[in-house]
Amino acid sequence: MNTIAAVAGHNETLRTGAASAPRRLTTLPEHIVEVISDSGEGAQRCGQSLGAIAARTGNGIWTTEIIPAEIQPPARSVAGASGIRIRIGSNAVTNGGDETDLVVSFNEQVLLGRVRDRELKPGAQILLESMWRDHRDPKIVESFAQTVEMLKSAGYRVYEIPLERECKALIADPRKGKNMFVLGMLCSIYSFDAKLAHEQVARTFGKKDAKVVSVNQGLLEAGFKWAEANLDFKYAIPATRSTSPQIVVNGNTAIALGVLASGMDICAMYPITPATSASHYLSDVFEKVGGIVHQAEDEIAACAFAIGASYAGKCAVTITSGPGYSLKQEGIGLAVMAEIPLVVVNVQRGGPSTGQPTKVEQGDLLTAIYGSHGDAPKVVMAASDIEDCFYSMITARKIAETFNTVVVVLSDASLATAQQPFSRPEFDANWLAPPVDQTPVPAGAKPYDWDAVTGIARRFVPGQPNGMHTLTGLAHDRGSKVAYDPDTNEEGLRRRSLKIVALQKTLQPPAIHGDAEGDLLVIGWGSTKGVIEEAVDRLRAEGCRVSSLHLRFIQPMQPGIREILRRFARVIAIEGNWSDRLEDELVDEDNRRYSALAMMLRSRFLVDVDCWTQSRGQPIKPAEVVRVLRTKLEGEAS
Amino acid sequence: MSMPITQCLIKLHEEHHDLEDYQGGVPRWCSGCGDNAILTAVQRLCRDENLAPERTVFVSGIGCSSRFPHYMKTYGFHGIHGRAFPIAEGVKMARPDLAVFVNTGDGDCCSIGAAHWIHAIRYNMNLTMILHDNHVYGLTKKQASPTSPIGFKSNTTPRGSMLNALNPLTVTLGVTNVSFVAQAVDWIPELLYDIIRAAYLHRGFSFLRIIQRCPEFLPKMFDPWLHDPGKTLLLSHPDGLTVSPELARTYRNQIEHDPSDIDRAREIASDEDPIPVGILYRNPDVPCYETLRGAGQLRTTDQIRSGLETELDKFTIWPEDDAGKRQAA
Chain L
111 MNTIAAVAGH NETLRTGAAS APRRLTTLPE HIVEVISDSG EGAQRCGQSL GAIAARTGNG
171 IWTTEIIPAE IQPPARSVAG ASGIRIRIGS NAVTNGGDET DLVVSFNEQV LLGRVRDREL
231 KPGAQILLES MWRDHRDPKI VESFAQTVEM LKSAGYRVYE IPLERECKAL IADPRKGKNM
291 FVLGMLCSIY SFDAKLAHEQ VARTFGKKDA KVVSVNQGLL EAGFKWAEAN LDFKYAIPAT
351 RSTSPQIVVN GNTAIALGVL ASGMDICAMY PITPATSASH YLSDVFEKVG GIVHQAEDEI
411 AACAFAIGAS YAGKCAVTIT SGPGYSLKQE GIGLAVMAEI PLVVVNVQRG GPSTGQPTKV
471 EQGDLLTAIY GSHGDAPKVV MAASDIEDCF YSMITARKIA ETFNTVVVVL SDASLATAQQ
531 PFSRPEFDAN WLAPPVDQTP VPAGAKPYDW DAVTGIARRF VPGQPNGMHT LTGLAHDRGS
591 KVAYDPDTNE EGLRRRSLKI VALQKTLQPP AIHGDAEGDL LVIGWGSTKG VIEEAVDRLR
651 AEGCRVSSLH LRFIQPMQPG IREILRRFAR VIAIEGNWSD RLEDELVDED NRRYSALAMM
711 LRSRFLVDVD CWTQSRGQPI KPAEVVRVLR TKLEGEAS
Chain G
481 MSMPITQCLI KLHEEHHDLE DYQGGVPRWC SGCGDNAILT AVQRLCRDEN LAPERTVFVS
541 GIGCSSRFPH YMKTYGFHGI HGRAFPIAEG VKMARPDLAV FVNTGDGDCC SIGAAHWIHA
601 IRYNMNLTMI LHDNHVYGLT KKQASPTSPI GFKSNTTPRG SMLNALNPLT VTLGVTNVSF
661 VAQAVDWIPE LLYDIIRAAY LHRGFSFLRI IQRCPEFLPK MFDPWLHDPG KTLLLSHPDG
721 LTVSPELART YRNQIEHDPS DIDRAREIAS DEDPIPVGIL YRNPDVPCYE TLRGAGQLRT
781 TDQIRSGLET ELDKFTIWPE DDAGKRQAA
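Going line by line, the protein sequences match chains L and G. Read in order, the letters of the first sequence are residues 111 to 748 in the working numbering. Read in order, the letters of the second sequence are residues 481 to 809 in the working numbering.
Partial list, computed: chain L residues near chain G (C-beta under 10 Å):
| id | residue |
| --- | --- |
| 1 | R166 |
| 2 | Q356 |
| 3 | K398 |
| 4 | V399 |
| 5 | I410 |
| 6 | S420 |
| 7 | L444 |
| 8 | P531 |
| 9 | Q574 |
| 10 | P575 |
| 11 | H579 |
Once the Cα atoms are required to be at most 25 Å apart in a straight line, the calculated SDA-like pairs of lysine to any residue come out as:
| id | chain 1 | residue 1 | chain 2 | residue 2 |
| --- | --- | --- | --- | --- |
| 12 | L | K508 | G | E789 |
| 13 | L | K305 | G | L792 |
| 14 | G | K794 | L | S324 |
| 15 | L | K731 | L | G745 |
| 16 | L | K249 | L | L222 |
| 17 | G | K794 | L | H308 |
| 18 | G | K794 | L | R155 |
| 19 | L | K318 | G | L792 |
| 20 | L | K556 | G | L531 |
| 21 | G | K794 | L | A539 |
| 22 | L | K398 | G | Q777 |
| 23 | L | K317 | G | L792 |
| 24 | L | K317 | G | E789 |
| 25 | G | K622 | L | V592 |
| 26 | G | K794 | L | R534 |
| 27 | G | K794 | L | T505 |
| 28 | L | K398 | G | D782 |
| 29 | L | K231 | L | R155 |
| 30 | L | K508 | G | L778 |
| 31 | G | K794 | L | N201 |
| 32 | L | K591 | L | D559 |
| 33 | L | K591 | L | W560 |
What follows is a set of in silico ranges between Cβ atoms, one per label pair, in the way DEER data are often shown:
| id | chain 1 | residue 1 | chain 2 | residue 2 | range |
| --- | --- | --- | --- | --- | --- |
| 34 | L | D559 | G | G631 | 51 to 57 Å |
| 35 | L | R313 | G | Q783 | 22 to 28 Å |
| 36 | G | K700 | L | D408 | 37 to 43 Å |
| 37 | G | T781 | L | A264 | 56 to 62 Å |
| 38 | L | N701 | G | R602 | 49 to 55 Å |
| 39 | L | D394 | G | E500 | 47 to 53 Å |
| 40 | L | T598 | G | H497 | 27 to 33 Å |
These aren't lab readings, by the way, just hints derived from the structure by calculation. The beta-carbon is built from N, C-alpha and C at its ideal position, and this holds for glycine as well.
Next comes chain L alone, as it looks inside the complex (with noise of 0.2 Å):
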C-alpha cells in the first residue's frame, strides 16, 4: 500500500494560522507513525496514549519504543532520540512492519537519528516543532534551516507545527504538555473518536489530580483542533472492534501477569535494562495476593535467593537480561544438578559485555541452552508474542516443577515494550502451583529416587518428615549422598538428561504457517514471529510456495520437526543474531558461524539449514525478510 501517492503533491511547509483547503479524508488499512523527541519530553506516553486508543477503536496496534541508553542524554542530540512508533492496522497487528509513513518530530535532531537509521519510508510525512527556525541562538537556527531544506530535497514532506507557541498559552512550560497537544493532533489526522480521547487521557493520568488530567485534556484538545484547523490531510484507518475482551500490555507487563497467573510466590531481580520493568510492575501488585519480589544485591544473588525459595518452598522466578543472565550461570548449574524447579526469564538485549542495553538482539540462544559448564540440561522456551509472554510463564514453571529443572524463558527488548492487543485470558485454578507438600516421605523412599525412563524424581522438600537429606552440587547418588564413582556419576547425567527427553514426548509438533510442503520453510523462534509469519504471507500472496514454522521450546524441540524440515526444498532460518556471511572474503562453508537456530537445526536433523540475520539492534522488518527470501527462492529457480 503506497500512502505517499494518496496524499502526493504536499511538499510546501505549513505555516501556521494559514487558511487550509478543505482535508482530504483517505482510507488506508494501515499507517505506521512515530513520535520522537529528547528524552523526558514525553513521547512515549504519547505514542502508548495513542496505541491505547486505536486499539480501544479496535484497530490492531503494535507499539515499538525507542529508548536512548542514558536518562538524560543531552538535548537535540542525534543518538538521543527517544520515541515510539505505532504501527495501526484495519486487522490484527502482529508487529512493528517497515519503516515509518508519519513522524512527529520535537526537533530536528533526534529526526535526524532515525533518517540515518533509515527508519522512515521514501517520502514520509514529518511533522517538525517550528520553535528552533526562530531560536535566539543562531547556530540551532541554522542547523535546524539546513536540516529542513535537506529533508525536503530528500523527498521527505515537511510540515512545520509550532507546538511550543500553541502549548504556552496552556501551560507554563510546554515541554511538559506538548506531548498532549501532539495526541490530539494524531487523534485529529487520523480521525479517532475525541471522547475516547479524552477518556484514555483521563486514564494515563488517572493517578495524579484532577488538575493534571483536566490541563492535559486541554492540551488534547487545542491540539485536535490545530490539527482540523490547520492541516489539509486526514486519514482513517477502518477498524472492527473485537467481539471478546482485549488486554493490551507491553511484553514485560505480560510476564509479570503470568508469573501473577502462575501462583509463583517469589521473585528475585537485580535492576537490568531491558527486563527490569517486569519487575517494577510485579513490585507493585504482587505483594497484594501475597507474593514478593526481593532486590538482591547482585544477579547471583538473585538466581541463588529464587533457588533457596523454590528449594523450600513452591517454585521460583529470576528476571534478568543477558549480562545477568551469564552471572547466574553457576546457580544455574547448581538448580540443575540438585535437581531444583526454577524459572529463569532473560529479556535479551544486545551483546555481547554490556552491549546495546536498550537494542534488541536475539543473540543469547545457545547460551541458554548450553550455559553453565559440565553437561546442564535445562528447558529453554522462546516467547514469540505478547500473549505468549504471559502464558510461557504458567507452562514454564509447571514444566519446572513437574521435572524438577531449570526452564529458561526467553524474551527480548523488542517484546519487553511493544503492546499487541491479545484475548483476556480466563483464569483457570490448573495455572496455580500446589501447596508445598509437607506430608511425610514414606519409609525408605531417596530423594533422587530416578525413574528409570524418564529421570523424574519426587522432590522432599523442608519440612516433610523423614525427608531429611543434604542437597548438594556435588556428583551424588539416589540418597544424595557425595559420590565420586564413575557408574553413580554417570547415572545422574543419564537421569537428568532423560527428563528432557521425556518433556519432548509430552510436547506437540508446532503448526506450519502456510502450506505443509513447498519450496522454501522459513524458521524463526521468539520476536520474529510476527515479522516472518508477514513477510510468508506477502510472498504467498503472489503465489511463492513458501511457509514458515516457530518454535517455542528450543530445547527440548518439539516433535515433528524432521518430518516438517523433508518436506520443503529449502530450509532458511531468520534470526536477529549474527552469523557470518559468505561475501566476506575469508569466510567459507568450512568456517562459516551460523546463527543459533541454524546450527542447532542443522547438528539435529543433518539438513542444510540457510540462515539470515540481522543484529543492528533494530526488530527485523518484514520488507527485509520478503527480500531475503526472493533471493533464496530465485536461487532455487536458477
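Given chain L, work out where chain G should sit, using these hints.
Only chain G this time, still in chain L's reference frame:
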C-alpha cells in the same frame, strides 16, 4: 511437682530428640580439626532446643566448613562457593517457619561471598550464621585466605602473605542493621556451646565467628593462645555470657561487657590479641527483613484469582455490548 493432666498429654505428644537424631554422615574432616567441635556443639544445641530435624535446614557454601550439612541429620543444602547467604535467605523468605543455619568459612564468606555477607547483615533475616574461621583455604590445599596473618607462607604466598588480615568482627559491626555479633574459639567447648546457643536464640541475623584450628595447614598457629589462657579475653555480662566458676579459674582475663554497647563492641573487636570471646553485640530490636516483607503468608486460589482479575481489568478493552457487565463487575 504437680502438672495438670492436659500439660502431661501435651508433653507426652511432643517428640523428644536424642543426639543421634541429628548425627548424619561420619565427618570426613581431619583429626584435630576444629570443625568437629563445632559440629558437636551444634548437635547438642539441636537436641537441647528440641529442634524438629525436618524443620531445620543447614545451608553452606563450599570449603571444609561447608561439608557441615552432610554431617547433620536435618535438611541440608550444600550450595556453591560464596552463595550460602542468598540461598539461605531464599529458604527463609519462602519458609520463615523453618530454623535456618548458615555454615561458611573465611574464604567462602570473607572472600568470594563478601558481597553477600555485607547484605546478609543488612537484611537481618532470622538466620544463625557460623563462620568457621581457620585462617586458611583447606579444601584447595593451603592458600592464604583474607583472614590469614601477614607473613603466612602458603602455596600462593610462598614468601609470606603481604596483606594484613581482614577482621570479620569489625567489618560486621560496621554494617547497618547489624544485630548480633559474637566470637568463640573451638578449644573452649563450654563457651562454644553457650555462644552458639545465644546466637541461635537471637531473633535476627546472628553473626558468630568461631576461630578454628586447622591441624593440617596451620598446626601451630594457635599454640600461644592454647598455652596461655591470659591471651583469651572473656566477655561476661548478665545480658551476655556468664562464665562458670571453674572456667573463671583458668580464664582470668575477663571484662564485663554490655552487649548493647556497640561503640565498646567495636573497640573490643579491633583488638585481636588477646582474642575476645563472648557476645560483642546484640540488638533484638532490629526488624527482620522477612517480617517486613510479610513472608509466609497463606495464599488462596481465590486471592490470586481476584488479584489477577483486578490487574487484568486495568488493561482490558471491553466489547461495547459488555459495557454493562463491566460496570457490574
